[in-house]
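J.: So you can see what is in the structure, the chains are spelled out below.
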Amino acid sequence: MPSTVDTEVVELVRTSKGGGGGTPSGGDGGGDGSGSSGASGGVPQRTYVTGMVVGLGGILMFFMALVSAYIVRKGMPNSSWEPLAVPRILWLNTLIIIASSFTLAHSRRLLRAGDEQGFRYWWGWTTTLGVFFLAGQLIAWRQLVSAGIYLKSNPSSSFFYVFTAAHALHLLGGLLALLSIAFRPTHRLTRGTATEIVAMYWHFMDGLWVFLFLLFLQGR
Amino acid sequence: MSSHAHAAPAQHAAPTGFIRKYIFSKDHKVIGIQYFLLALTAVVIGIVLSLLMRFHLVWPNAHLPFFSGGQMTQEQYLSLLTMHGTIMVFFVLTTAPQGGFGNYFLPIQIGAPDMAFPTLNMLSFWVTFLAFVAIIAAFVVPGGAPISGWTGYTPLSGIGEVTGPGEGWGQTMWIISISLFCLASLLGALNFIATLIDMRAPGMTLMRMPLTCWGWFVTAILGLLAFGVLLAGGILLLLDRSAGTSFFLPAGLVINDQIQTHSGGSPLLWQHLFWFFGHPEVYIAILPGMGVASHVLSTFSRKPVFGYRAMAMAICAIGFLGFMVWGHHMFVSGMSPYSGFTFSVLTMSIGVPSAIKTFNWLGTLWGGKIQFKTPMLFALGFVSLFVSGGLSGLFLAQPAVDNLLHATYYVVAHFHLVMGVAAIFGIFAATYFWFPKMFGRMMNETLGKIHFWPTFVGAYCIFMPMHFIGIAGGIRRYADASAVAYLQKLQPLHEFMTIAAFITAAAQLVFLCNFFWSLKRGAPAGKNPWNATTLEWTTDSPPPHDNFHGDYPSVYRGPYDFSVPGAVDDFIPQNLPPAQVARAK
Chain A
1 MPSTVDTEVV ELVRTSKGGG GGTPSGGDGG GDGSGSSGAS GGVPQRTYVT
51 GMVVGLGGIL MFFMALVSAY IVRKGMPNSS WEPLAVPRIL WLNTLIIIAS
101 SFTLAHSRRL LRAGDEQGFR YWWGWTTTLG VFFLAGQLIA WRQLVSAGIY
151 LKSNPSSSFF YVFTAAHALH LLGGLLALLS IAFRPTHRLT RGTATEIVAM
201 YWHFMDGLWV FLFLLFLQGR
Chain B
1 MSSHAHAAPA QHAAPTGFIR KYIFSKDHKV IGIQYFLLAL TAVVIGIVLS
51 LLMRFHLVWP NAHLPFFSGG QMTQEQYLSL LTMHGTIMVF FVLTTAPQGG
101 FGNYFLPIQI GAPDMAFPTL NMLSFWVTFL AFVAIIAAFV VPGGAPISGW
151 TGYTPLSGIG EVTGPGEGWG QTMWIISISL FCLASLLGAL NFIATLIDMR
201 APGMTLMRMP LTCWGWFVTA ILGLLAFGVL LAGGILLLLD RSAGTSFFLP
251 AGLVINDQIQ THSGGSPLLW QHLFWFFGHP EVYIAILPGM GVASHVLSTF
301 SRKPVFGYRA MAMAICAIGF LGFMVWGHHM FVSGMSPYSG FTFSVLTMSI
351 GVPSAIKTFN WLGTLWGGKI QFKTPMLFAL GFVSLFVSGG LSGLFLAQPA
401 VDNLLHATYY VVAHFHLVMG VAAIFGIFAA TYFWFPKMFG RMMNETLGKI
451 HFWPTFVGAY CIFMPMHFIG IAGGIRRYAD ASAVAYLQKL QPLHEFMTIA
501 AFITAAAQLV FLCNFFWSLK RGAPAGKNPW NATTLEWTTD SPPPHDNFHG
551 DYPSVYRGPY DFSVPGAVDD FIPQNLPPAQ VARAK
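Protein sequences, first through last, are from chains A and B. Residue numbering for the first sequence follows the working numbering, starting at 1 and increasing by one per position. Residue numbering for the second sequence follows the working numbering, starting at 1 and increasing by one per position.
Certain hints may be false.
[Claimed, not checked] Which residues of chain A face chain B? A partial, calculated answer using Cβ under 7 Å:
id, residue
1, Gly58
2, Phe62
3, Ile71
4, Val72
5, Gly75
6, Gln117
7, Gly118
8, Ala135
9, Gly136
10, Gly148
11, Ile149
[Stated by the list, open to error] Under the rule of at most 20 Å between Cα atoms (straight-line distance), these lysine to any residue pairs were calculated in the SDA-like manner:
id, chain 1, residue 1, chain 2, residue 2
12, A, Lys152, B, Leu238
13, A, Lys152, B, Leu130
14, A, Lys152, B, Leu64
15, A, Lys74, A, Leu217
16, A, Lys152, B, Leu239
17, A, Lys152, B, Phe129
18, A, Lys152, B, Ala523
By construction, these hints were calculated from the structure, which means they are not laboratory data. Small disclaimer: the values here were computed from a predicted structure and weren't measured. Ideal placement from N, C-alpha and C gives every residue a C-beta, glycine not left out.
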């Protein structure tokens, strides 16, 4: 640097701090300031939370595009839209996935309280409920198929299969994340962050399902 | 010297093997160069396609190699048109400024060791690469490349090969390619946003970020919100084609004497989904160029950017408004006049932030000690082309005028100038400006100027007459206008444009020679050849694996402290502590 007269190290005056301003959000990880940041390996723990929020924004836009297509397509004149009788098992599935959010929240509460055993127990239940939900969705599909309602039968069934398949794929990803945290140690993330972002994702998928279910009910 | 050990340890150790280092690399710099080379390959293909089209427009009966019978059919012309648009928009204008330069310089400019999620970054690139392979494969699948344009309008794109050659396998490959591209861009956007929010160096407040970072940031937000919509549309379109659904396909279609079984779908629905993505896509292509232009104009005027805050806010405003104007692509679709009016007013209101940017660029130049280096020339060219191309947008924003001009060359001229050539000039400015940092060597100035002038003049020679052809009623997408009496009078203009296109394309060879020659033979660059202020110029050229040798900078000032009164040099790096500036006085 040509302009500097380089002498001893000048005292660092850090008026405005980290990340352009913010201090690391509390909670897990213990900070990304000076010094090595433990499990984070250079990336602040809150970055994973930011990434999840941003990612959910993208996923939301994807589903909202489908929802707006659904609304437009349904409201078309000459849409040849026939209301779809929603399989009854979806009520049960909805209850299951809502319950899984509660078990997940409870399991994280226990983790924060230091109850490893309880955390694993309720985390396991969340995973199981997730599997039940997906199995229930499969059963719903089987019921529709046996009633002769296929993907191409009617726009209402087309949308039903597209929505449930897209949601199930996303939930499957969440399920893998649940399993991964249960059985594999996390390297870059602390346990707190890892469970936090998985919980964010899971609750989002739960809420999204409730929204879609209401959409189907409204379209009966 | 001015940086301090605020430790942000390397996210991953420097890799050693060739494959880890250059192929499946997680280093944002390598990934940036990979994106850049992908775009370079794509742009060569895209230019060749456009030259073939220009040639065919003027000499439709000339013998051509590689075409069966030596003649280009009308369908082949349409497939070239489709592939030119698709390759240029997705794999050049989206890939180079954001994936290429954004990836390389965003982390360095904010003082970070890498992107927030390096593995995701690698994944983004390789999915983009797969998408590129898929689109190129469309040339060689049975039936050849699709003919439905880069917008893939239904029902043409939704039915299958009965609608024309290329609409079978070719169109399917197109949808697969675009869907993969959406996925990759979503991952990339996520990474950019998280990196920019959380990985900035101490002191790097939002209002101290270089305007390039603002451009990449808002572009990433646009990508995050837009690509998911196109992905949704792509999935529905694929189902219409392969599973017999009727999302976009109406009842009663009879094509080539075959009755189609679809019922009740809406072709307009596809247009809405497509343009809800498609209009933000225009800004995805141009916003990074705006950032680069501001950055380069300031550096080579030796003046701070005029109205920095207004510039940053104008980028945000353009991004915000960009989501509300997609309907102006559909004025002729029979939409309600009230919708048309709303879209029209919103579209024209984009002129306000655009004008703010333009006047502030001029304000930056005003009274500066201007250095006409090659990157500066291309940045000035960017401003010129952006204004020339943008002004015609105000005409097209009127539904009444658009009804007349919609399917003519006027629209083609408009978007080529403003989003095509202007964005390419932004990419060139970035290349000449950052080449020394990326490869440690300078590009040749004389060759750069030899490249600039024919490109600049040539671009105007191609696209200015195109406006006149459009106003005279020259219809776009016609493979051969010679059979239409009133269009024959426009042929001399077409000939002029074609010759200009070949000369302009030839000038790009100078760039390629300069690029590859300078990689090996260019003069060594040093850390800061342009005497610039931002963080990338405080580290080695090329930067080490963790960007700053583990010595991460703190930031004490805005990005454009040029010609500060009382300072010894006419630039003050962002990481120079105030105490040292005082001492240097």
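J.: Compare the structure with each hint and give your call.
T.: Results of checking the hints against the structure:
| no. | hint | in the structure |
| --- | --- | --- |
| 1 | Gly58 | holds (5 Å) |
| 2 | Phe62 | holds (4 Å) |
| 3 | Ile71 | violated (10 Å) |
| 4 | Val72 | holds (5 Å) |
| 5 | Gly75 | violated (10 Å) |
| 6 | Gln117 | violated (32 Å) |
| 7 | Gly118 | violated (31 Å) |
| 8 | Ala135 | violated (24 Å) |
| 9 | Gly136 | violated (23 Å) |
| 10 | Gly148 | violated (15 Å) |
| 11 | Ile149 | violated (13 Å) |
| 12 | Lys152/A - Leu238/B | holds (13 Å) |
| 13 | Lys152/A - Leu130/B | violated (30 Å) |
| 14 | Lys152/A - Leu64/B | violated (44 Å) |
| 15 | Lys74/A - Leu217/A | holds (14 Å) |
| 16 | Lys152/A - Leu239/B | holds (9 Å) |
| 17 | Lys152/A - Phe129/B | violated (33 Å) |
| 18 | Lys152/A - Ala523/B | violated (64 Å) |
Taken one by one, the earlier hints fail for this structure at numbers 3, 5, 6, 7, 8, 9, 10, 11, 13, 14, 17 and 18, listed in ascending order.
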